[in-house]
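Protein chains in written order, with our numbering: chain U, 25 to 405; chain A, 25 to 405; chain V, 25 to 405; chain L, 25 to 405.
Hints may contain errors.
Identical chains share a label here; the pair holds if one copy fits it or two copies do between them.
[As the list claims (entries may be wrong)] Simulated pairs of lysine to any residue, SDA-like, Cα-Cα distance not exceeding 20 Å: (1) Lys89 <-> Ser352; (2) Lys89 <-> Ala162; (3) Lys349 <-> Ala204; (4) Lys343 <-> Arg332; (5) Lys349 <-> Pro197; (6) Lys89 <-> Ala51; (7) Lys349 <-> Arg80; (8) Lys349 <-> Pro37.
By construction, these hints were calculated from the structure, which means they are not laboratory data.
Protein chains: 4
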Amino acid sequence: MLELATAGESHGPGIVAILSGVPAGLALDIGAIDRALGRRQSGYGRGARQQIERDRVEVLGGVRKGRTTGAPVALMVRNADSRLDEVPEIHAPRPGHADLAGHQATGAPIRDVLERASARETAARVAAGAVAGQILSAFGIAVVSRVVRIGAAAAADAMPATPEGFAAADGSPVRCLDAAASAAMCAGIDAAREAGESLGGVFEVVGFGVPAGLGAYDVPARRLDARLAGALMSIPAIKGVEIGEGFAGAALPGSRFHDEIVHDHAAAPRAGGFARRTNRAGGVEGGVTNGMPVVCRAAMKPIPTLTRPLGSVDIRTLKPVPALKERSDTCAVPAASVVGEAVVASVLAEALLERLGTGGMEELAARFDAMIGRLGGSPEK
Amino acid sequence: MLELATAGESHGPGIVAILSGVPAGLALDIGAIDRALGRRQSGYGRGARQQIERDRVEVLGGVRKGRTTGAPVALMVRNADSRLDEVPEIHAPRPGHADLAGHQATGAPIRDVLERASARETAARVAAGAVAGQILSAFGIAVVSRVVRIGAAAAADAMPATPEGFAAADGSPVRCLDAAASAAMCAGIDAAREAGESLGGVFEVVGFGVPAGLGAYDVPARRLDARLAGALMSIPAIKGVEIGEGFAGAALPGSRFHDEIVHDHAAAPRAGGFARRTNRAGGVEGGVTNGMPVVCRAAMKPIPTLTRPLGSVDIRTLKPVPALKERSDTCAVPAASVVGEAVVASVLAEALLERLGTGGMEELAARFDAMIGRLGGSPEK
Amino acid sequence: MLELATAGESHGPGIVAILSGVPAGLALDIGAIDRALGRRQSGYGRGARQQIERDRVEVLGGVRKGRTTGAPVALMVRNADSRLDEVPEIHAPRPGHADLAGHQATGAPIRDVLERASARETAARVAAGAVAGQILSAFGIAVVSRVVRIGAAAAADAMPATPEGFAAADGSPVRCLDAAASAAMCAGIDAAREAGESLGGVFEVVGFGVPAGLGAYDVPARRLDARLAGALMSIPAIKGVEIGEGFAGAALPGSRFHDEIVHDHAAAPRAGGFARRTNRAGGVEGGVTNGMPVVCRAAMKPIPTLTRPLGSVDIRTLKPVPALKERSDTCAVPAASVVGEAVVASVLAEALLERLGTGGMEELAARFDAMIGRLGGSPEK
Amino acid sequence: MLELATAGESHGPGIVAILSGVPAGLALDIGAIDRALGRRQSGYGRGARQQIERDRVEVLGGVRKGRTTGAPVALMVRNADSRLDEVPEIHAPRPGHADLAGHQATGAPIRDVLERASARETAARVAAGAVAGQILSAFGIAVVSRVVRIGAAAAADAMPATPEGFAAADGSPVRCLDAAASAAMCAGIDAAREAGESLGGVFEVVGFGVPAGLGAYDVPARRLDARLAGALMSIPAIKGVEIGEGFAGAALPGSRFHDEIVHDHAAAPRAGGFARRTNRAGGVEGGVTNGMPVVCRAAMKPIPTLTRPLGSVDIRTLKPVPALKERSDTCAVPAASVVGEAVVASVLAEALLERLGTGGMEELAARFDAMIGRLGGSPEK
């Protein structure tokens, strides 16, 4: 039921989100939404525009006296630069963007396509994802992220075992927890900027505290892994998604892949005590959460805009021309990881609310506790 | 509008699919559906059950005198072994399957969970996907696949440039086009079976002839890449999905990633002549097809059932017990690649029909031709 | 989540339904489904075909050992007459049917249109609705119906206050509880048949025991009244839908319309004791149930096929011709009221499950009881 | 694909709408949206609030230089009175509103419920409906309305045969075309106000120029009549919906109901010349448009707020108290008819775009013309 609609252009009045299905009675921390928006704008390798904009959310609906009302939550993030009718038309579509394909899909001028296809739209998803994150948080679920690769530089450290272990990501200019890799990533970004290049990378999003039994195994589109993959792949510039071991797991023999089941109540309080010593599945088996951390990774392509413009064609003359350079980030992987948190939080909150049903937060909290109790896990049961 | 509902259990009467939104007037080749079902059952590394079942589709609705009527197409694939009420209960959930998490999600006995979560369900998706494939085929679009990795053995050959280049996959026991890799894969499977092991792998699905402009850039969930990723990840045992360069692309600099645009009518007849010399994007930019082949890859984990059972817990006693061994395939990657074709065909047909609207095949064919003509691409235009 | 897909033609192998979202653990009474199918086939005024068919449901999925598994429930009702490829083509579309408009919508031959647009499809909805009814029944909710008008003959009795009061409808040849009206309806049908005429009418469907708080007021499409209206209007030949006082209420002054609120625990055990002495709203206020019986009425047009064929045009020659007479019922209002029960039960079960969330029947029963407890209604609370 | 999300409260910053699926290239007349909003606010019998608010739409997304871009259109209508955090809590739920049932559904304070359940929300639907109306208008389709009953006063005139015939409704204080009835309605409203009463009524919405073949007969929820009924019933205070003859038709014999088919190209240019001399079906047969005007009527209950407050119960003390009087309209049927136009326009535009597919307005216009040409209707064809 948690459903999100977004609208808005890069140079329009702003970005708008309507999130319906938010239960009534959630004390909404607007500052936390703004902090998420701020994290989306930060990161080593961003260009000038991110500095001019300090995104702040305005709540247009669904909240009274700081609490959600159960009605759709409407959010707006205004654009600092909103001269939509004055921005120039574009005739040379940029490779790697929606420009040409989008124009061919809708017949709209290229300017219209890029205004909407811009990553600016992800501000709406981050704002809505922050609301979803606060729903999750009320149930003790935390969604965090880190960057594990930028260009050739990859983190070598293991995934932290707790959400707190991810906290340091906010302190790294590239949201990487491995200090050496972090330095290498920054150096790589400097070198790329110098060379007129851009870089992509890989980020990891992890949900901690997710109870067993979210998602579905019986209807393909309702599988949690399918929904996570769809949500992550819908982030601009994402070209790959993994859950758990992902592609590396395809090369392992079965005996080194699967997570054997043991009973240990303390180790799996949200899975009825059915614990795992490993988590190669990334917390999802058969489309359903198993109580282990939900671990996703996404691969981002390098930003398409380079100092040396890519070759394009003028759609009026059909003659070769260089593509427009619309912006100048060198690397946006840290920002994308914040968007990744948002979409994963949205999927998890949606799955949690499906499981719990509708009603106010107080009623849902009682259902959650009863659900956890029913998952099994005490010999007396 | 193309919407699929499936039902059925592994040991029930059969697997059922209702596919609505199929245009009227498509001459449906039932034999081709059966061949797709047969390809799903084949492949080196499958166990005994695949031999006893020779899947054949029965059409229960939506077809008269060999042509679709526009009404929902209902398909059934009967099970050879349909003693559902007699199969034993299970109390030791199998790691790597939905058994435990599914039981915790629905409260159903483990037997109920595994009956539905079984890969047997994919017979419905293959049958429906074969219908989608015939819709695509009427518009000159072909969806093909090959296996590129099984365990440690990976194909070294380049992706063929035409659908015909994939035809040999059906002749390989592992659906691999690289003869040396094919042999290595078979040897790997033999060794794994010998060792009581199982293997996963990676397959590639490619859509050829896809016109530019399918999908969307303005609504995240309608992006074609998001839908492809969701569909592929919904196949049992898939843990990773890539489009185009995917994860490898995350390590490349921008100048070696993006597909520059040139004008060459002959090279891009379904993209208005806006051609690319490379296809690192895998045919999707900004969530929309760009006229190049749509290239996806999916990573499958090794099958969870080993000769040496994995450790589990009896859900009644909470004592450690070995997990049940329900079946005995060693590797199902070739079969999964056939399922991959089906789900990719379903997503592409859905996106194509969204673009073309509703109406009979004849009307849609006229719209398709006009659409191709409008994509641009001749200097005279 | 309760979602229904149906397929099948009037002269095909049968009618198929896939109902997903049915909770696990419901003891499914197959006989009760068959009885609902039988009631759909009965009623004074039906033609010969209803006699040759004795519909029985086959369960193809979602049930093991008599209990739902949580997986989609697949049902099939076979057709006695299934020579689909042999039925003749039709060129003179029948007024009042989908024949012409459907042909113009899809390009399909008229025969294809009428095969699917046939009221035979409602067998699927009755079967699925019987499953929904059994879900409701497990929560003490009953959905019943009666016919209140056939042609000029209208029932004069008040709506019974309990579901038991509706039981006698099954004993009336026209499902009418008012004996005098019942006789007049039968006489009217006899006269109409004699005159080569057909008759429509009005039926009433009532949900008893529906707890307060189902539906939604914040999203228009999720309002319960909107969903009831859509579902009832989707039954073939229905041209009007009312809830509570409906059209008559439009003529009343406000002081005689609204249902004042009193507190009386015994009178409103499923609404927290917030009771009403009247029920002009028909149990729905602001799109949400208020604990009073949910009362809907639907108007059915007379069956379009008359002994004297209606004027039509041959779509090949464009010359006037009489329309085909495909069947010979005189009146199908009693049957439609059974379909009405099915669709109302489906909507109510869907709304109930949205409120309760997912999980097995046992977990949902506990949530239901807790929900009722939270509705308020005792001074101690 | 045309999908609407709305948000906003009666006393919040405003009402927000996101309408996705609007084709690119539509010249959007903002003034026309404002005029529709103004018409929603007018009408004899409205209270003070409608005077203080002069609704004007702000476009937040989806439009550049006066043309739709193909991206979601975001609209906002600000509230004049937006002190949401200062409005008082309410403890005595008003009969006839969502107050109590909504509170029981979501656990939200009654104030939160009524803020969202307020008819103020329909401003969003009117704004979005005006966009839908402009889409339709580009294809020569007009959606108009009139009031046919207020309380005991009913219009006696026949439905006009053209959209122009409805134009005078905007000149009537009650949107009624029959001058005598109009006067009687005003007098009735005066008397009701005097008596501390309120009145309901019936309005009619008609779509002219609708081509044959919109909607569907094969999937119940996609039938056009089902969607019209759901949309109209989702308007606050609507308790009944009819299409064509509706309830009156239930009393007619078949020979006086059905619309015989003749061939007359001039009479049915958008139905291939397959014309009808009557329109008892209201333009929809078997769930599909037949080229005749689409005729719907909806019954509105009297406004629940009276000068003499209705009896209620304090939800804290459970003691009897009078219900709050939140507003003071006597009759809102004229306003509801404007909302009715909006929702009918939205449904028709959605069905039209489903039929035509996606792409820019220019491409869709070409498809529309070709579609009309294919509907048949010339002897040469």
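Now for the hints, and whether the structure bears them out:
Neither within a single protomer nor between protomers do Lys89 and Ser352 lie at most 20 Å apart by alpha-carbon distance, with minima of 41 Å and 26 Å respectively. In the homo-oligomer, the alpha carbons of Lys89 and Ala162 lie at most 20 Å apart inside one protomer (18 Å), although the nearest pairing across protomers, at 40 Å, exceeds that limit. When the C-alpha separation of Lys349 and Ala204 is checked against a cutoff of 20 Å, the pair qualifies neither within a copy, at 32 Å, nor between copies, at 45 Å. Within a single copy, Lys343 and Arg332 get their C-alpha atoms as close as 18 Å, which meets the 20 Å cut-off; across copies the closest is 65 Å, which misses it.
Taking identical chains as interchangeable, the C-alpha atoms of Lys349 and Pro197 are never at most 20 Å apart, the minima being 25 Å within one chain and 49 Å between chains. Proximity of Lys89 and Ala51 under a CA criterion of 20 Å is satisfied intra-copy only: 9 Å inside one chain copy versus 40 Å between copies. Proximity of Lys349 and Arg80 under a CA criterion of 20 Å is satisfied in neither setting, with 27 Å inside one chain copy and 37 Å between copies. In this assembly of identical chains, Lys349 and Pro37 lie within 20 Å of each other by CA distance neither inside one copy nor across copies; the values are 23 Å within and 38 Å between.
When the structure is compared with the earlier hints, violations turn up for hints 1, 3, 5, 7, 8 and for no others.
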